[in-house]
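Generate coordinates for the entire structure from the input sequences, incorporating the hints supplied.
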Amino acid sequence: QQPVQSPQAVILREGEDAVINCSSSKALYSVHWYRQKHGEAPVFLMILLKGGEQKGHDKISASFNEKKQQSSLYLTASQLSYSGTYFCGTEDHAGGGNKLTFGTGTQLKVEL
Amino acid sequence: GAGVSQSPRYKVAKRGQDVALRCDPISGHVSLFWYQQALGQGPEFLTYFQNEAQLDKSGLPSDRFFAERPEGSVSTLKIQRTQQEDSAVYLCASSLVVVGAQETQYFGPGTRLLVL
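Line by line, the protein sequences give chains X and Y. With this note's numbering, the residue at position 64 of the first sequence is 64, and numbering never jumps. With this note's numbering, the residue at position 98 of the second sequence is 98, and numbering never jumps.
Bear in mind the hints are in silico, worked out from the structure with no lab data behind them. Treat the numbers as computed from the prediction; the structure is a model and nothing was measured. Please note that a few of the clues may not be correct.
When the alpha-carbon atoms are kept at most 20 Å apart in a straight line, the in silico SDA-like pairs for lysine to any residue are as follows [stated by the list, open to error]: (1) X/50 x Y/104; (2) Y/57 x X/91; (3) X/37 x X/18.
Pasting the structure below:
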């Protein structure tokens, strides 16, 4: 079942913050976050496995709620390089060979 | 180090032609995945290999789609008698399977297929 991402698109001024959400109707095994620039490969950002988990590096972080049905990606003090389409990829059970089901994406544009 | 590479990067085919898309995974990566990405959409799973074994092909849309990885390294996705609805970007990803750990999938740049 495809996760739902919101918002579909967002425009930021450089330095502003953004939150991207990824929701499922049932508990997930894991959430993977990727960023994809036009015509390029999706680039891995992070994986979350545990309910209540939060992790991050630099100014990009993410959380996974206790029920493991929602994950949020937090972009702080955005930079021009953050522009792209963000996807969450989910696994709904272990042992599936890491097959991911991706959301429809959130287009992020950072402007000067 | 070298990442996942795919060839060709662009392919234009006439409806009815057969095409073959190649994926070179990261050296030593055991798992290999194929995804199809339509314009403006997220990638959709097609098939998965662990070494040379195709463990899941549930996402292949029809029997015109066939994938192989005969020596457990390079993989080829073949589409027979292409149709216009096959137009999409075909992404390959590989991961290093580590027992008991969650594995990151590293994606290639994709092959953009246009069927006229």
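Here is what the structure says about each hint:
{"no.": "1", "hint": "X/50 x Y/104", "in the structure": "16 Å, holds"}
{"no.": "2", "hint": "Y/57 x X/91", "in the structure": "16 Å, holds"}
{"no.": "3", "hint": "X/37 x X/18", "in the structure": "17 Å, holds"}
The earlier numbered hints are all upheld by this structure, with none contradicted.
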